[in-house]
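Enquirer: Now for the letters of each chain:
Number of protein chains: 4
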Amino acid sequence: MKYEFNTERKYDIIAIGRACIDLNAVEYNRPMEDTMTFSKYVGGSPANIAIGGSKLGLKAGFIGKLSDDQHGRFIEQYMRGVGIDTSNMVIDKEGHKTGLAFTEIKSPEECSILMYREDVADLYLKPSEVHEDYIKQSKILLVSGTALSKSPSREAVLKAVNLAKKNDVKVIFELDYRPYTWESAEATSVYYSLVAKQADVVIGTRDEFDVMENRTEGQNENTVNNLFKHSPELIVIKHGVDGSYAYTKSGQMFRGQAYLTKVLKTFGAGDSYASAFLYALISGEEIETALKYGSASAAIVVSKHSSSEAMPTVEEIEQLISRESEKATI
Amino acid sequence: MKYEFNTERKYDIIAIGRACIDLNAVEYNRPMEDTMTFSKYVGGSPANIAIGGSKLGLKAGFIGKLSDDQHGRFIEQYMRGVGIDTSNMVIDKEGHKTGLAFTEIKSPEECSILMYREDVADLYLKPSEVHEDYIKQSKILLVSGTALSKSPSREAVLKAVNLAKKNDVKVIFELDYRPYTWESAEATSVYYSLVAKQADVVIGTRDEFDVMENRTEGQNENTVNNLFKHSPELIVIKHGVDGSYAYTKSGQMFRGQAYLTKVLKTFGAGDSYASAFLYALISGEEIETALKYGSASAAIVVSKHSSSEAMPTVEEIEQLISRESEKATI
Amino acid sequence: MKYEFNTERKYDIIAIGRACIDLNAVEYNRPMEDTMTFSKYVGGSPANIAIGGSKLGLKAGFIGKLSDDQHGRFIEQYMRGVGIDTSNMVIDKEGHKTGLAFTEIKSPEECSILMYREDVADLYLKPSEVHEDYIKQSKILLVSGTALSKSPSREAVLKAVNLAKKNDVKVIFELDYRPYTWESAEATSVYYSLVAKQADVVIGTRDEFDVMENRTEGQNENTVNNLFKHSPELIVIKHGVDGSYAYTKSGQMFRGQAYLTKVLKTFGAGDSYASAFLYALISGEEIETALKYGSASAAIVVSKHSSSEAMPTVEEIEQLISRESEKATI
Amino acid sequence: MKYEFNTERKYDIIAIGRACIDLNAVEYNRPMEDTMTFSKYVGGSPANIAIGGSKLGLKAGFIGKLSDDQHGRFIEQYMRGVGIDTSNMVIDKEGHKTGLAFTEIKSPEECSILMYREDVADLYLKPSEVHEDYIKQSKILLVSGTALSKSPSREAVLKAVNLAKKNDVKVIFELDYRPYTWESAEATSVYYSLVAKQADVVIGTRDEFDVMENRTEGQNENTVNNLFKHSPELIVIKHGVDGSYAYTKSGQMFRGQAYLTKVLKTFGAGDSYASAFLYALISGEEIETALKYGSASAAIVVSKHSSSEAMPTVEEIEQLISRESEKATI
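Residue numbers (our numbering), protein chains in the order written: chain A, 1 to 330; chain B, 331 to 660; chain C, 661 to 990; chain D, 991 to 1320.
One should not assume that every hint holds.
Claimed, not checked - Residues of chain D placed beyond 12 Å of chain A at every Cβ, according to the derived structure:
#1 Glu1108
#2 Ser1141
#3 Asp1232
What the hints assert, rightly or not - Keeping only pairs whose Cα atoms sit at most 30 Å apart, straight-line, the calculated DSS-like set for lysine-lysine is:
#4 D:Lys1126 - C:Lys857
#5 D:Lys1049 - D:Lys1096
#6 C:Lys796 - D:Lys1116
#7 C:Lys810 - D:Lys1116
#8 D:Lys1083 - C:Lys810
#9 B:Lys559 - B:Lys592
#10 B:Lys480 - A:Lys249
#11 A:Lys93 - C:Lys796
#12 D:Lys1126 - B:Lys480
#13 B:Lys495 - A:Lys166
#14 D:Lys1083 - D:Lys992
#15 C:Lys857 - C:Lys796
Said to hold, decoys possible - Label-pair ranges, simulated between beta-carbon atoms:
#16 C:Asn885 - D:Ser1118: 21 to 31 Å
#17 C:Asp902 - D:Ser1118: 56 to 66 Å
#18 D:Asp1197 - B:Glu440: 29 to 39 Å
#19 B:Asn550 - A:Asp133: 23 to 33 Å
#20 B:Gly413 - C:Glu843: 38 to 48 Å
#21 D:Asp1109 - C:Gly717: 33 to 43 Å
#22 C:Asp902 - B:Gly411: 54 to 64 Å
#23 C:Gly743 - D:His1121: 27 to 37 Å
#24 D:Lys1155 - C:Lys825: 10 to 20 Å
#25 D:Asn1215 - C:Asn885: 50 to 60 Å
#26 B:Ile443 - C:Asp793: 49 to 59 Å
#27 B:Ile443 - D:His1121: 35 to 45 Å
#28 A:Glu326 - B:His461: 49 to 59 Å
#29 D:Arg1205 - C:Glu843: 43 to 53 Å
Simulated from the structure, these hints should not be mistaken for laboratory data.
In this text, a Cβ means the ideal position worked out from N, Cα and C, and glycines have one as well.
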């Protein structure tokens, strides 16, 4: 089964939300206290998805807010360099800084992130900085959940969703839950539900859907039944190594397996999944194929050091899929 | 034309939002600088509507947050005294104060309010303090727009609206726009639109609908056409002395005239209008009749000193309507 | 023993700090919940002292910040009306409100105050709004402790104390401790100690000196020994109905008795005490006489309804002193 | 001329204030946008001075607040590793992060710092976390000005200064002005003046003394005349490449020349100066010699990559001084 997009649009995808800096441990397999050098990369879920999509050949744009300093300028230059339209990335004039994520890789199983998210520039995107003229040029508006965690970014995203729906732009909601800056579990649930109900496609891990429902051990069946009463037409629920499930409003269910490769760290898996999955959908692939693209892209990124730089090409993804298919048929 | 409600419910109406203190000038027709004495009344749009409704015989409840002091206790006692269920009025434990409104009546045409709304208790109602078991016992959930102006009250109201819709409780949205605590005109528009689209009935002045649309000089026709694409079934737009208009999704339009009486001050007109209009609707009256009830109730309250204490009885309303009808037919 | 002031100055006293609104229960001897009417007066310790001093004939000025609304204008008009120079009372342009104190008089022994002190205008006085040219025209700078409770008012007062010392203006520190807006007991102690050490005269209750020392059950002897190592030359410690004690750096101690009169409420006792005590000192009276003035003025104010309006004249004070002296000699 | 310290104390120096992380550009002589790798060092003026002093053989302690994460633990481990007593470094339990300083070295003359100082842990040190029992064990309390920039750290430092003076611990005030988190130039001046007047030794650049005086182009003579009316006995004013001046209360003035070496970057010059200058004073050297120690230490640190790791040994300092003396005598 395929998923249809508006074809006559300048952009395949416009992402909205945070674009930050990852500072990845150069010396890893140790506690961060013993890491003395860090490498700088662009990070942040929607930025990574835009970068991943752009590398795969999608025409991507970005709506976000950047600090007025060296880190903000680096992000803009890097994203422009990989082909993303940055004309709607606004420079913050109130002194807010770029968000930072120091990554700690003790072992492939023990990864953690030390976040600097206090009053960061991306959360100060204002609704007046979101423009209908821009959004209506895209097939897809990609919304990441973290941009809902605080005002005024929250209202900027709610406005963007409104404009997307008004202009027949598909809203893809990547739950991307991060336990920072949210006021309460109840408030998180209120906004996640609000946007999920208005989205066309919702993508997240089972844990993230539980956050949306403010519960534990939720069941996919209940989740999709509730959401399909509203706008969503396609819902992807990821279960880690157990693979992912795609549900359609028409009642179909597809399962995608996880590809097991050498894992360096777990960061970036979700973003690379989303970018390749959406690339395949937009390219007119079947949902089953799109699930494979997502899994393959995630498998490649977790074997490498960064999240953004490591985003694979179509060729790399297809090679991995074909290699895995051969294994499966032996 | 009549409007149908779920009849098997314990409460006719549950209002959510602020319950505050009005301090009304005892010596009026002068600047507040020359007023040396103030009378204390319960105030706040949803509290006034609940009080007005209760006086008209509706079974009313209230969801809100009260300061843990003499003003908070006065409000609870007064509202309980007029027959409102106050079991879901929570006591604030973080030191927030009751909102205050000092009224200045220079002349019937020059009224102003000096507001104390900084960190007031009512805006600290949390989503966890809103309970499905309570809301589902009512025919109506009355939401006033000011409760959307700040977190966590904003999320508490969004949750309440969600629960109302889930349990077939009609959502009445009284726009009640107050230019305090809102972050920006754009943010105001985002939340007003969000709730208006989910409401069953929307009531406000033309100016308030303009705030919702973040524009000036909006036209009723456009406003109702946009909202009728979503949940609303009935929209009431008030034009001051020019009367009010009720629009139904089925395409009907009714006009209610304003009753011109002796005006002492303009405060309380909207709240008394809403309580009597809703009373008539719930009582099974035609929409045309409900419009008359609203106008009559407003006319009575603006001729008196307070907003809450002055809420009329059914008898007073019907006497005024009949008096005005006779005039009209002469 | 007398206390000497610089005689060649335009003002006897310039007070710095808060000028607010008292809303006093018209119906009293009951809980505030049952009070339905409130009378408006100017309030706030340094404002009361300036008003009291002005009524006694002192030439007074005031440095403070007023809300840009009816309450702010009322305060300025009232203070100007009683003869105070208000040229250095700045109008707040950032929307801060006037502080409010609703008084509850359950009985003469059970008085309480419901305070509105959240982000009030007086605490937003900035150091740049304190001018050396003004302060150096006065014999006395009266500082009240509450103005130290928050930035930027805190820094404005520290600057004013600096300028007073530089220009040989006596610094009178009225401890005036109010448990609002202070961050911690330790921080309170830090700033109270800092200013007390730089002051020439320190006045407060025993409890307030304990707050300054961040301890309980402090002894006057220790308190004065510590302070006399620094600038203070005269320290007055009040012990309620047990009277007050004045200590001089030269080692003298004077005791003033409390005059027992009909008490309506306890508010305003400290401010009226300070204004009359300072009036007597400035007028060249002996310290023993000044203690009597303070006690008499306090006794008069606690028998009346307000704190500012009730400030007595010299004649009233002297009549009470002479009446009490006769009683004592009978 | 020598400067005397209390000799019977466990610690030579206890520093109070910030201990942070420097992230120094590995690839330098370019804009930070082009720097892809950063090295991690302990930073922050008082931490650097304590580290520098400890490397020179002083017995040092530190009072500060650390984030409860990998960065906080790294700082504590590093400082303990160089011999500093860290028993009074408190772990923050409210989620505040370690301050960060990303350094950009475009050229030796064009260095800048990208600071992360928003709600950092060091500014949350509370007065209750400053203990008399600890401070009284030291010869010196070193206070750095930045710790005064925000509450509650501000009050913690004011308390520490109080306790130092009470216990005959010399207060050394390193102005260390950083234009972050301060509310206003006036407020900065208020607190800098307050502590400078209470200090025994004040050290800063001419620009920093101008900040203290809230003026531009101040003159050393006026500065020292004003401060010598209060506690200070020794004042060091640094004029960059023009050398530094030491003034004593007794009226002496000493000039120290700057040693011109190969400069990699300008960071760390002030901290290395202070640590070596204080080391010399405590070791009983003449003030002239102490000025040489300061200059030599600064010259060594600016030629190296870090501020803390690069702190020299006594031998390195003495070699440079003797090398420079020989040059001068040729």
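Enquirer: Each hint needs a verdict: does it hold in this structure or not?
Expert: Results of checking the hints against the structure:
1. In this structure Glu1108 of chain D is not separated from chain A by more than 12 Å, as the shortest Cβ-Cβ distance comes to only about 5 Å.
2. Listed as outside the interface, Ser1141 of chain D is consistent with that label: its C-beta sits roughly 17 Å from the nearest C-beta of chain A, beyond the 12 Å cut-off.
3. At roughly 31 Å from the closest C-beta of chain A, the C-beta of Asp1232 of chain D stays outside 12 Å, upholding its exclusion from the interface.
4. Among the hinted pairs, Lys1126 of chain D with Lys857 of chain C is consistent with the structure: their alpha-carbon atoms are about 21 Å apart, no more than 30 Å.
5. Among the hinted pairs, Lys1049 of chain D with Lys1096 of chain D is inconsistent with the structure: their alpha-carbon atoms are about 37 Å apart, more than 30 Å.
6. Between the alpha carbons of Lys796 of chain C and Lys1116 of chain D the distance comes to roughly 36 Å, so the proposed pair goes past 30 Å and is violated.
7. Of the pairs offered as hints, the one joining Lys810 of chain C and Lys1116 of chain D holds, with about 16 Å between alpha carbons and a cut-off of 30 Å not exceeded.
8. Using a Cα cut-off of 30 Å, the hinted pair Lys1083 of chain D and Lys810 of chain C holds, with the two alpha carbons roughly 24 Å apart.
9. Annotation: proposed proximity of Lys559 of chain B to Lys592 of chain B is violated, straight-line Cα distance about 40 Å (limit 30 Å).
10. Distance restraint check for Lys480 of chain B and Lys249 of chain A: the Cα-Cα separation of roughly 35 Å exceeds the 30 Å cut-off, and the hinted pair is therefore not satisfied.
11. For the hint linking Lys93 of chain A to Lys796 of chain C, the alpha-carbon distance of about 41 Å lies beyond 30 Å, and the restraint is violated.
12. Proximity of Lys1126 of chain D to Lys480 of chain B is assessed by CA-CA distance (about 49 Å); at most 30 Å being required, the pair is judged violated.
13. Restraint check for Lys495 of chain B and Lys166 of chain A: the C-alpha separation of about 23 Å stays at or below 30 Å, so the hint holds.
14. With a C-alpha separation of about 44 Å, the suggested pairing of Lys1083 of chain D with Lys992 of chain D is violated against the 30 Å cut-off.
15. Simply put, Lys857 of chain C and Lys796 of chain C have alpha-carbon atoms about 20 Å apart, close enough for the 30 Å limit, and the pair holds.
16. The hinted range of 21 to 31 Å is satisfied by Asn885 of chain C and Ser1118 of chain D, whose Cβ atoms lie roughly 25 Å apart.
17. In this structure the hint that Asp902 of chain C and Ser1118 of chain D lie 56 to 66 Å apart at CB is violated, the actual value being about 33 Å.
18. For the pair Asp1197 of chain D and Glu440 of chain B, the beta carbons lie near 55 Å from each other, so the given range of 29 to 39 Å is not met.
19. Against the hinted window of 23 to 33 Å, the Cβ-Cβ separation of Asn550 of chain B and Asp133 of chain A comes to about 28 Å, which satisfies the hint.
20. Gly413 of chain B and Glu843 of chain C have their C-beta atoms about 44 Å apart, which keeps the hinted 38 to 48 Å range intact.
21. Range check, Asp1109 of chain D to Gly717 of chain C: about 52 Å between beta-carbon atoms, so the 33 to 43 Å window is missed.
22. The supplied range of 54 to 64 Å is broken by Asp902 of chain C and Gly411 of chain B, whose beta-carbon atoms lie about 45 Å from each other.
23. With their beta carbons about 51 Å apart, Gly743 of chain C and His1121 of chain D fall outside the hinted range of 27 to 37 Å.
24. In this structure, Lys1155 of chain D and Lys825 of chain C meet the distance hint of 10 to 20 Å, their C-beta atoms being roughly 18 Å apart.
25. Look at Asn1215 of chain D against Asn885 of chain C: about 32 Å separates their beta carbons, and that is not inside 50 to 60 Å.
26. Checked against the given bound of 49 to 59 Å, the beta carbons of Ile443 of chain B and Asp793 of chain C, roughly 39 Å apart, lie outside it.
27. Look at Ile443 of chain B against His1121 of chain D: about 52 Å separates their beta carbons, and that is not inside 35 to 45 Å.
28. Taken as a hint, the range 49 to 59 Å holds for the pair Glu326 of chain A and His461 of chain B, whose Cβ atoms sit roughly 57 Å apart.
29. Evaluation of the 43 to 53 Å hint for Arg1205 of chain D and Glu843 of chain C yields a failure: the beta carbon distance comes to about 31 Å.
In the structure shown, a violation is registered for the earlier hints numbered 1, 5, 6, 9, 10, 11, 12, 14, 17, 18, 21, 22, 23, 25, 26, 27 and 29, in ascending order.
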